[in-house]
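Enquirer: Letter by letter, the chains look like this.
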Amino acid sequence: MKLVKYVFLDILRSKILIAYAVFLIAISSGLFMISAEPVKAITSLLNIVLIVLPLFSVVFASSYYYNAYEFTELILAQPIKRSTLFFSQFVGVGAALSLSFIFGCGIPVLIFFRDSSALILLCCGLALTWVFTAIAFLAVVYARDKTKGIGIALLLWFYFVFIYDALVLLFLFNFSNYPLEKMLMMLTFLNPVDLTRIIMLMQLDMAAIMGYTGALFTQFLGSSTGLVWCFFALLLWIAVPFILAQRKFTRKDI
Amino acid sequence: MIGCLDNTNLVYLAFMIRLFIFVCLLSNATCLLALDTIYVKPSAQADIERIIDHVPPHTIIKFAPGNYKIHDLIIRKPLTLYGIEQVVFDGQQLGSVLVLEGRNIHVKGLTIKNTGYSSVDERAGIKLLSAYGCIIEDVNIRNTCFGISLVNASNCVVINNNIHAVGISEQRSGNAIHAWKSDSLTIKNNTVSGHRDGIYFEFVSKTGVYMNNSSDNLRYGIHFMFSNDDEYVGNVFDRNGSGVAVMFSSRVHIRDNTFSQGSGAANFGILLKEINDCEVSGNTFRQNTNGLYMEGTNRVYLLHNLFTENGWACRVQASCSSVIVRGNNFIGNSFDMATNGSLAGQNFNGNYWDTYSGYDMNKDGTGDIPHSPVSMYSMIVERMPYAIMLYRSFTVFLLDRSERIMPGITTEQVKDLKPAMQAFVL
Amino acid sequence: MIDIQHISKQYKSVRAISDIALRFNAGQSVALIGPNGSGKSTLMKCILGLAKPTSGNIYVQQKNISGSELYRTDIGYMPQIIRFPEHMLVSQLFFMMRDLRRHTNDLDNELFEAYHIRDMFAKPLGGLSGGMKQKVNAALAFMFNPKILILDEPTAGLDPLSAELLKAKIRKEKSKGKLIIISSHIMADLEEIATDVLFLIEGRIAFYKTLEDLKRETSSNNLGRSIASYMAEQKISI
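Chains as they are written, first to last, in our numbering: chain A, 35 to 288; chain B, -1 to 424; chain C, 5 to 242.
Please note that the accuracy of each hint is not assured.
Computed Cβ-Cβ distance ranges for the label pairs, DEER-style [said to hold, decoys possible]:
#, chain 1, residue 1, chain 2, residue 2, range
1, A, Phe137, B, Tyr357, 35 to 43 Å
2, C, Gly130, B, Met419, 49 to 57 Å
3, C, Glu168, A, Leu189, 47 to 55 Å
4, B, Val149, A, Asn81, 51 to 59 Å
5, C, Glu206, A, Gly185, 48 to 56 Å
6, C, Phe99, A, Phe137, 21 to 29 Å
7, A, Ser257, B, Leu396, 29 to 37 Å
8, A, Ser257, C, Gln84, 56 to 64 Å
DSSO-like, lysine-lysine: derived pairs with alpha carbons at most 27 Å apart [unchecked claim]:
#, chain 1, residue 1, chain 2, residue 2
9, A, Lys286, A, Lys115
10, C, Lys137, A, Lys36
11, C, Lys151, A, Lys115
12, C, Lys56, C, Lys151
13, C, Lys127, A, Lys36
14, C, Lys67, A, Lys282
15, A, Lys39, C, Lys127
16, C, Lys16, A, Lys115
17, C, Lys213, C, Lys67
18, A, Lys182, C, Lys56
19, C, Lys56, A, Lys286
20, C, Lys137, A, Lys180
21, A, Lys39, C, Lys137
22, C, Lys137, A, Lys115
Simulated from the structure, these hints should not be mistaken for lab results.
Where a beta carbon is used, it is the ideal one built from N, C-alpha and C, also for glycine.
Take the sequences, apply the hints, and build the full model.
Expert: What follows is the structure, encoded as structure tokens:
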């Protein structure tokens, strides 16, 4: 567990991570200053959280894995369990990314807009950071080659941010005559980006238009139990890819 | 008698003066006697019916503060019922409280409550049956089935009343102000909430609805059918279960009202159905699932309205004809315009759309390239409502962008040829 | 000390090690040589538990290493020139290693002091030259007084003086009865420190002899030449 500290301290000094935090600060304070209403800024910030955050997390986590590869080898020659090292690296990377997100988005948000929806936006951002760190770790343990690994991680990002929704749209085109609400609810839970997007839409008074499709979504996702379920699902989205990655990591050849 | 008229509007004043002269010309000294005032205390409540039978017309009956157990009190002659401070008429859930069946009856300053619910008759706090020239003023009505019910009434004024109930279901709840087959009414400055419909008009003509606040009703803020030549101005409709509905009517003027926070798929800031020659101007539509919905209308003019923060600002169905949309501000809506088919022949020129991304090279204040307020995604959602799940997703963003680059995918018919560069000052 | 029982290692399409069986004993200093791709580093990785043999077992001090990590307490590993985390300080690296190792009582600070590592403590690892990194690397491998040392190209990148210090250190540890496994391409260095030579070709043992035997058989005083003549004799081509 002490390893987490060293991984974390090492990453925190990385210039790219600092640049990321500064970028987030600039964007989020800028949005709050330009927008007449803070709710609008939160809505724009949502796009950053849904697209940029996963992208950066994926790229950063996967390139960290490859850059630290030789060092990983040295550490694994010490009397230490592979799972321990992998977990430490995951937590170290996730914590460092989370810290820059909290620093970059959290501070402006809390200054300009102290509200429950802002708080939930931050929680969603944190969750997505961890989810995509886990997804990146899963991608890289399967690919020995750096370019290939980062490529796969990017592809997964593109899949969750774009391709998945495009497929859902195609699905809707073909089956629009059927009662799809439950089906869609499940599909939402199968994509962490969609899940956080919908959690936030419910928070940002978009419930009115979400209610358009029927009551189930608004009733379930708009309620506090729904919210708890959503965050539980997001936790699964962190845990499952990570556990799969860890299983692979403990069995593979370094 | 004239002294009592301070608060009423000019139309009514003119009418009453004419009436007064008419009465004075025809009758003798008893007319003057009628201005007598009688005081009634709660202890005399058992005798009220008898008192009313015996007093001459035009008597002012003043009630002392207290609780009066009264129901189905029928008044057939011109009287003034006047409550000072806390005068409560309690119907004890037994039936309507006051039933006005005459002319020139004036009810002022009372609190009326507890009509109870009956499936046989429509109970109301105050019921006006074939009444003429009556005034209901400064009355608090609580916990009644219907609040004020006007049936076959004419030239009546309902002003400054506060009507509130805790309606549970649409079936067991009535309307706050209910008018049927009436004309020339004035409904002004009333605050109504918690009923089935806040204001309900059926076959009501030449009527004005001014500055009322109709909120938190189970169904509609205003429910308006088969009623021609009416206007409603400066009203506020907030958080009503289904918004506001105006149907099957002609020559209706809807000005300077606020429609807000109507939430739900079947909720409309305002629903216009089978309406002819209607003007909708200067209104504010805010935070509704559907701001304005039009179906089967002819010659509707939408001018200088503000549509903001709605899910769908305007839904114009293909069954409408000769719609003119001009000088409106569309700001911060999820979708500015949606339609289920073709909107050929409608005029959408000269509005401000905050989603407009064109430019104004010749500095004439209008954009040089036309704006298409119906996005590709809104067409998709119109056909497949479930696609709303993808709202604000990256995929949808790219979809709408690609449409802008390659127009022709969506309908070309809805276009603002002269989109304003700046929001209008409304 | 290390007992390798018929291990093979198959990567996807490549057979890196085919059925190797041998023993390393305390007091030995084994020079691990062979052409590129002959399985030297795979064998080291197998001993370190970094790669898992497709078949066969490895015993370190009579214990099967499969699924265990504690046996590595007795192993010091010096990898080839390594990329450390750029922003980690030299001091942090040493503290971290001390945190990772269970026993910290009898630390061996000889190389640590000979290389003046304490003077680099405040520097980030990313700012060190290749030679300095290699010094850090060497000091770390010896620091915890392990019974087994596995050194991968230990003198590469070191200046002559530091290389001599390292070789002296290796000889000293060998004389204490430790097992030392060295992979290197520099025959002169190996000749100075090795007692045995393990020669691998295409994942198989070409020979595993003491240095003396090898020299005697090839009647040569020079390790490089002995190997060359051995290969000529056996008609081995690389």
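Enquirer: Each hint: holds or not?
Expert: The hints, checked one at a time:
With their beta carbons about 38 Å apart, A/Phe137 and B/Tyr357 fall inside the hinted range of 35 to 43 Å. For C/Gly130 and B/Met419, the Cβ-Cβ distance of about 53 Å falls inside the hinted range of 49 to 57 Å, so the restraint holds. For C/Glu168 and A/Leu189, the Cβ-Cβ distance of about 51 Å falls inside the hinted range of 47 to 55 Å, so the restraint holds. Evaluation of the 51 to 59 Å hint for B/Val149 and A/Asn81 yields a pass: the beta carbon distance comes to about 56 Å.
The beta-carbon spacing between C/Glu206 and A/Gly185, approximately 33 Å, falls outside the hinted interval of 48 to 56 Å. A hinted range of 21 to 29 Å for the beta carbons of C/Phe99 and A/Phe137 is consistent with their spacing of about 26 Å. Range check, A/Ser257 to B/Leu396: Cβ separation about 32 Å, and the 29 to 37 Å hint holds. Remark: the range hint 56 to 64 Å for A/Ser257 to C/Gln84 is upheld by a beta-carbon distance near 58 Å.
A threshold of 27 Å between alpha carbons decides the hint, and for A/Lys286 with A/Lys115 the separation of about 13 Å falls inside it, so the pair holds. Between C/Lys137 and A/Lys36 the alpha-carbon distance is near 23 Å, which keeps this suggested pair within the 27 Å criterion. About 20 Å separates the Cα atoms of C/Lys151 and A/Lys115, which keeps this hinted pair within 27 Å; it holds. A distance of roughly 22 Å separates the Cα atoms of C/Lys56 and C/Lys151; the hinted pair therefore holds under the 27 Å criterion.
Taking the CA atoms of C/Lys127 and A/Lys36, the gap is about 21 Å. The hint holds against a cut of 27 Å. For the given pair, C/Lys67 sits about 25 Å from A/Lys282 by alpha-carbon distance, which is consistent with the 27 Å threshold. Restraint check: the Cα-Cα separation between A/Lys39 and C/Lys127 comes to about 18 Å, which is no more than 27 Å; the hinted pair holds. For a cut-off of 27 Å, the pair hint linking C/Lys16 to A/Lys115 stands: about 25 Å separates their Cα positions.
Taking the CA atoms of C/Lys213 and C/Lys67, the gap is near 25 Å; set against the 27 Å cutoff, the hint holds. For the hint pairing A/Lys182 with C/Lys56, the CA-to-CA distance comes to about 23 Å; that is within 27 Å, so the pair holds. Restraint check: the Cα-Cα separation between C/Lys56 and A/Lys286 comes to about 8 Å, which is no more than 27 Å; the hinted pair holds. For a cut-off of 27 Å, the pair hint linking C/Lys137 to A/Lys180 stands: about 23 Å separates their Cα positions.
Among the hinted pairs, A/Lys39 with C/Lys137 is consistent with the structure: their alpha-carbon atoms are about 22 Å apart, no more than 27 Å. A distance of roughly 25 Å separates the Cα atoms of C/Lys137 and A/Lys115; the hinted pair therefore holds under the 27 Å criterion.
When held up to the earlier numbered hints, the structure conflicts with hint 5 and nothing else.
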